[in-house]
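Asks: Below are the chains, spelled out letter by letter.
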Amino acid sequence: MRLPPLNALIGGGLIGTLCVVAAVGAVWTPYDPLRLSFRHKLAPPSQLHWLGTDEFGRDVLSRLMAGAATSVWISILTVTLAVLLGTLIGLFSGYIRGWFDRIVMAFNDALLAFPGILLALGLLAVVGANKYGIILALGIAYAPSVARIVRGTVLSLREKEFIAASRVMGNSEGYTMARHILPNCIAPLTVLATSMFGYVLLAESSLSFLGLGVPPPAPTWGNMLAGSRAYIGQAMWLGIFPGLCISLTLLGINLLGDAVRDRLDPRMRGSR
Amino acid sequence: MNRLLASACLLPLLASPALAQTLTVAVAADVRSINPGVNRDDNTDDFALQIVEGLVGYDEGGIVQPLLASKVETSQDGKTYTFTLREGVKFHNGAELTAADVVWSWNRYMDPKTDWRCLSEFDGRGGLKVEAVEAPDARTVVMKINQPNALFLDSLARTDCAMAGVTHRDSVKADGSWDKPIGTGPFKFGEWKRAEYFTMTAFDGYVSPKNDGKPDGYVGSKRPLLKEVKFLIVKDPATVKAGLTSGAIQLSEVLASDVEEIRKIPSLAVATAPTATRHVLLIQTRDAVTGNLKLRKAIAAALDMEEIVATASNGLGKPNNSPIYTRSAYFGEAQKQGHRYDPAAAKKLLAEAGYKGEKITILANKRPTVPSFPAAVVVQAMLQAAGINAEIEVIDWATQLDRYNKGNYQMQSFSFSARFDPALAFEQFAGPKDKQPRKIWDNPEAQAKIDRLTAIADKAERQKLVDELHKAVIDEVPLIFMYNGVDAIAHSKSLSGFQPWQSKLRMWEVTLAK
Amino acid sequence: MLRFALTRVAMALPTLLIVAISVFVLIRLIPGDPASLMLGDLATPASIADLRARLGLDQSLPVQFGIWFGNLLRGDLGISINTQQPILPLVLSRFWISAQIVLVAVFLASLVAVPAGVIAAWRQDSQLDLALVALATLLLSIPTFWLGLLLLLFFGLKLGWLPVVGYVSLGDDPWRGALYLIMPILTLFLHEIGVLLRMARASTLEVLRLDYITHARAKGLSEMAVLWRHAFKNAFGPTWTLIGLVLGNLLGGIAVVETVFTIPGLGRLLVDAIFARDYPVIQGCMLLVAFTYVLVNLVIDLCYPIFDPRVTAQ
Numbered sequence: 001m002r003l004p005p006l007n008a009l010i011g012g013g014l015i016g017t018l019c020v021v022a023a024v025g026a027v028w029t030p031y032d033p034l035r036l037s038f039r040h041k042l043a044p045p046s047q048l049h050w051l052g053t054d055e056f057g058r059d060v061l062s063r064l065m066a067g068a069a070t071s072v073w074i075s076i077l078t079v080t081l082a083v084l085l086g087t088l089i090g091l092f093s094g095y096i097r098g099w100f101d102r103i104v105m106a107f108n109d110a111l112l113a114f115p116g117i118l119l120a121l122g123l124l125a126v127v128g129a130n131k132y133g134i135i136l137a138l139g140i141a142y143a144p145s146v147a148r149i150v151r152g153t154v155l156s157l158r159e160k161e162f163i164a165a166s167r168v169m170g171n172s173e174g175y176t177m178a179r180h181i182l183p184n185c186i187a188p189l190t191v192l193a194t195s196m197f198g199y200v201l202l203a204e205s206s207l208s209f210l211g212l213g214v215p216p217p218a219p220t221w222g223n224m225l226a227g228s229r230a231y232i233g234q235a236m237w238l239g240i241f242p243g244l245c246i247s248l249t250l251l252g253i254n255l256l257g258d259a260v261r262d263r264l265d266p267r268m269r270g271s272r
Numbered sequence: 001m002n003r004l005l006a007s008a009c010l011l012p013l014l015a016s017p018a019l020a021q022t023l024t025v026a027v028a029a030d031v032r033s034i035n036p037g038v039n040r041d042d043n044t045d046d047f048a049l050q051i052v053e054g055l056v057g058y059d060e061g062g063i064v065q066p067l068l069a070s071k072v073e074t075s076q077d078g079k080t081y082t083f084t085l086r087e088g089v090k091f092h093n094g095a096e097l098t099a100a101d102v103v104w105s106w107n108r109y110m111d112p113k114t115d116w117r118c119l120s121e122f123d124g125r126g127g128l129k130v131e132a133v134e135a136p137d138a139r140t141v142v143m144k145i146n147q148p149n150a151l152f153l154d155s156l157a158r159t160d161c162a163m164a165g166v167t168h169r170d171s172v173k174a175d176g177s178w179d180k181p182i183g184t185g186p187f188k189f190g191e192w193k194r195a196e197y198f199t200m201t202a203f204d205g206y207v208s209p210k211n212d213g214k215p216d217g218y219v220g221s222k223r224p225l226l227k228e229v230k231f232l233i234v235k236d237p238a239t240v241k242a243g244l245t246s247g248a249i250q251l252s253e254v255l256a257s258d259v260e261e262i263r264k265i266p267s268l269a270v271a272t273a274p275t276a277t278r279h280v281l282l283i284q285t286r287d288a289v290t291g292n293l294k295l296r297k298a299i300a301a302a303l304d305m306e307e308i309v310a311t312a313s314n315g316l317g318k319p320n321n322s323p324i325y326t327r328s329a330y331f332g333e334a335q336k337q338g339h340r341y342d343p344a345a346a347k348k349l350l351a352e353a354g355y356k357g358e359k360i361t362i363l364a365n366k367r368p369t370v371p372s373f374p375a376a377v378v379v380q381a382m383l384q385a386a387g388i389n390a391e392i393e394v395i396d397w398a399t400q401l402d403r404y405n406k407g408n409y410q411m412q413s414f415s416f417s418a419r420f421d422p423a424l425a426f427e428q429f430a431g432p433k434d435k436q437p438r439k440i441w442d443n444p445e446a447q448a449k450i451d452r453l454t455a456i457a458d459k460a461e462r463q464k465l466v467d468e469l470h471k472a473v474i475d476e477v478p479l480i481f482m483y484n485g486v487d488a489i490a491h492s493k494s495l496s497g498f499q500p501w502q503s504k505l506r507m508w509e510v511t512l513a514k
Numbered sequence: 001m002l003r004f005a006l007t008r009v010a011m012a013l014p015t016l017l018i019v020a021i022s023v024f025v026l027i028r029l030i031p032g033d034p035a036s037l038m039l040g041d042l043a044t045p046a047s048i049a050d051l052r053a054r055l056g057l058d059q060s061l062p063v064q065f066g067i068w069f070g071n072l073l074r075g076d077l078g079i080s081i082n083t084q085q086p087i088l089p090l091v092l093s094r095f096w097i098s099a100q101i102v103l104v105a106v107f108l109a110s111l112v113a114v115p116a117g118v119i120a121a122w123r124q125d126s127q128l129d130l131a132l133v134a135l136a137t138l139l140l141s142i143p144t145f146w147l148g149l150l151l152l153l154f155f156g157l158k159l160g161w162l163p164v165v166g167y168v169s170l171g172d173d174p175w176r177g178a179l180y181l182i183m184p185i186l187t188l189f190l191h192e193i194g195v196l197l198r199m200a201r202a203s204t205l206e207v208l209r210l211d212y213i214t215h216a217r218a219k220g221l222s223e224m225a226v227l228w229r230h231a232f233k234n235a236f237g238p239t240w241t242l243i244g245l246v247l248g249n250l251l252g253g254i255a256v257v258e259t260v261f262t263i264p265g266l267g268r269l270l271v272d273a274i275f276a277r278d279y280p281v282i283q284g285c286m287l288l289v290a291f292t293y294v295l296v297n298l299v300i301d302l303c304y305p306i307f308d309p310r311v312t313a314q
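Chains as they are written, first to last, in this note's numbering: chain A, 1 to 272; chain B, 1 to 514; chain C, 1 to 314.
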């Protein structure tokens, strides 16, 4: 047996660590992440507070640990929502074509042209500014790009011989889609989904920076990063640690995504 | 006279480099228009009121004093006001100010086509009606109102009405549309590059009210000592900080959280001063949960004001549980009696209230100019510590204001803008909720007292009413006043004479050394 | 070719119509009212009613939409609630400012990122690949508001090379104007490198696996020739499409950079208008963004055959 490639090793290691931290953070943190301590505002990293404290005297390490679970959970749900929604739309649109495709794609392009912040503001107002509001808003905002990529793949494949062969063999349309078309979408989708994962982690902090803070009750890496900006001169650690967490998570996801794609891509099987 | 002579002699000597300079001030937003009191916000008022002046204005303590007038006389029945104009006052175009100009200017404001923001304050819809404005001679303006009103002059001086600032008729184009303000203020309108900057230049012919060179609200000495002031629009507080450090910006309001850091920069100084804005926690008395008086009292007892204020204001503010601001003439011993922090009492009150852990949502926004969010964070933590299931919902300011106007909330971390007169300070939040859902305190008995406060002028009698009202607010907890706003203005040390006052960046009497 | 272009333009019209309608509906679903925002906590019911009537907000929504849409068809986008400026010149002048930043940044980023991505793919799983991927990921994961501030503190304050605040239009003074644009462009440039490098790498990987590359290698072509003639050219297609998406998204998403560097561009105009509920400005900006998006993607599609020999414009 061969060793798994380097990207899978590093990626797996990073994501594994993240999962452990998130799991631990969900049940135990050194301090209560919401507890204020007025005597320890903006304390630099020390033995007492390994990663320092924030402007309310809250322990940064505890908040990072508690935030891991929330941030990851929000990102996973958002990406899942966007991928499911986008794949469904793209698949049907590309497969059925004709008027249905035109109408759906007109809507899809309209959504793509919408700046995320307007969409987020609108949906958050309707759903409520909480965790699920963010997931729904960002999920809907990212679905159109997925739909576009899936539709493109479907269009380029549907006239290929092996699709026609599948039909000739009497396979149902549904089976053909699931068996032959979907797997070919996986490679581009993996790339997109891993980037999306990163966008979601950051989108919240950008919204927060523009004055549309949507913090759920628990801390998230995104809002920690956005909040840290005002203290860049006095307390660099406030931004560096959540930023580092986001970077490492992204790196892990990307590397792991590459490895997963290599395994799943039908054209890759047997090569290399 | 001596002072004038002295400064006239000194000017060419020391001031030529200074006067040749432009002072750059960072502001967070563009002005909405250059038409005073029409399309406006606080920032627009601030700019307009350096260019135009009204008959009367506020002094440092928020008391109304003559400005373009040298004196104001009230008739026995309290319905006729006679303003005598100050001598030698000129418009920016060189024309002398006459009573006819004041009448023309007033009639323009009262024309519904002008869209003056304060039209409804003076046309009878708000109770007060100006029935006639006349100019018996070039120096005298007479205004007649429908009924005695202790707040008439106060309304005239309001900054959001642009002081009913007098403008020359050439401010308006031939077709009747607005061109640019030609006023009597210490600065002339310069240039406006939308979304980038706006400027004003010194008015050399300005005749300042005499006050020994000391500024006093809008009515003290107001000599323009800077050649030009450029207001640069910079939205991001971090960029402002960088601009101040580099010297590209010489003066700007800064965040309370930045004060300590900026004070460490050798080239910069920070001036702070309390204002009449009031940071408050609104509580909806018609909500199923917070409608319970015992619960509201429990909330008040669970809050350690000292800590809240210290954190939300970064140590710049002082707690004040009264609707009356600390510098007001009406702020006395009674107003110092606020809520007492008592966790044990809070527990007991919660039990008596029959509270079973129902969720209470505090609305907050993240505008950097108000402490809405940090205050909410501290309050939430304290309420949770007392066993109250408090949560924060962060929404944008427009949404929060909408829910304020509709009364659709349990609690809000909110800020009331400045109100100098106590009658207005109470009127701001008291009233019938059925008619105006935005009102917070619906108490007919208190309403009668506020109406009385509006009508009478006697200081002692007013003070008594103010004290009673204050006590009722503390007892009924329809809202919790936390503290008065604090202006924190950072400026270059080469700049002198600047004094922060009620969030207004007054540029008169300010000099820049090279 | 011309017919293809015309069909695409015709297909874009429904998209624009959907944008127009949904923007109109969506911003009115959001709570908040420009009149009460303008008057703040000093408002009385009478003054709010006055202002709403003056702004035409007291009419029913269908009537408001009818008026707006009717004017739109005549090329009149209305005037701003906040500043009373006509929308079309306002939006266009701000758009130009944003467009120069976005175009230059994306152009420079693709010059750097696409070759880097191809090389990373070519040496897949090597240390070089890992380093490039790590760099791209790092650049992607620094939010632009942080990156921008770091650049500002470094180039503006520490080195004093570039102006910290303000803006001078290129038309007024090309040299000084350019100085003000360097940092915003650099910020976007660094961020977009992250996006584009990963995409170029992924599409090159796809291509390298195809049979004809194996054939080319088997024919004895040098690695350089394979890389350039087959891999690079083919991989550029999908990346080119992505550049289109990026350009479109950036116009909406540039607000953050504009806020940090005090650039009076379209992004900030839109965000300010959203917070101020300046409905006509939001509608105008959105239509322009949607229009540009459609246009950019049309151009991208038309240029596609140049870069991807497998596709011909049908």
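FYI, nobody ran anything at the bench for these hints, they're computed from the structure. Any given hint might turn out to be false.
Claimed, not checked - Cβ-to-Cβ under 7 Å is the rule here; a few derived chain A residues that face chain C:
(1) Val-104
(2) Ala-106
(3) Phe-107
(4) Ala-110
(5) Ser-205
(6) Ser-206
(7) Phe-209
(8) Ile-246
(9) Leu-250
Ideal Cβ positions, reconstructed from N, Cα and C, are used throughout, including at glycine.
Asks: Return the status of the interface hint for A/Ala-106: holds when the least beta-carbon distance to chain C is below 7 Å, violated otherwise.
Replies: 4 Å, holds
Asks: Does the closest beta carbon of chain C sit nearer than 7 Å to the beta carbon of A/Val-104?
Replies: Result: violated, 11 Å to nearest chain C Cβ.
Asks: The hint names A/Ile-246 as touching chain C; please verify it with the least Cβ-Cβ distance against 7 Å.
Replies: With Cβ-Cβ at 5 Å, under 7 Å, it holds.
Asks: Does A/Leu-250 hold up as a contact with chain C if the rule is Cβ-Cβ below 7 Å?
Replies: 5 Å, holds
Asks: Holds or violated: is the Cβ of A/Ser-205 closer than 7 Å to a Cβ in chain C?
Replies: Status holds, d = 5 Å.
Asks: Go through the hint on A/Ala-110 and say holds or violated, using the shortest Cβ distance to chain C against 7 Å.
Replies: Nearest chain C Cβ about 4 Å off; hint holds.
Asks: Would the hint on A/Phe-209 stand, with a C-beta cut-off of 7 Å toward chain C?
Replies: A/Phe-209 check passes; min Cβ-Cβ to chain C is 5 Å, inside 7 Å.
Asks: If you take the shortest Cβ to Cβ gap from A/Phe-107 to chain C, is it below 7 Å?
Replies: 6 Å, holds
Asks: For the hint on A/Ser-206, does the least C-beta distance to chain C fall short of 7 Å?
Replies: 6 Å, holds
Taken one by one, the earlier hints fail for this structure only at number 1.
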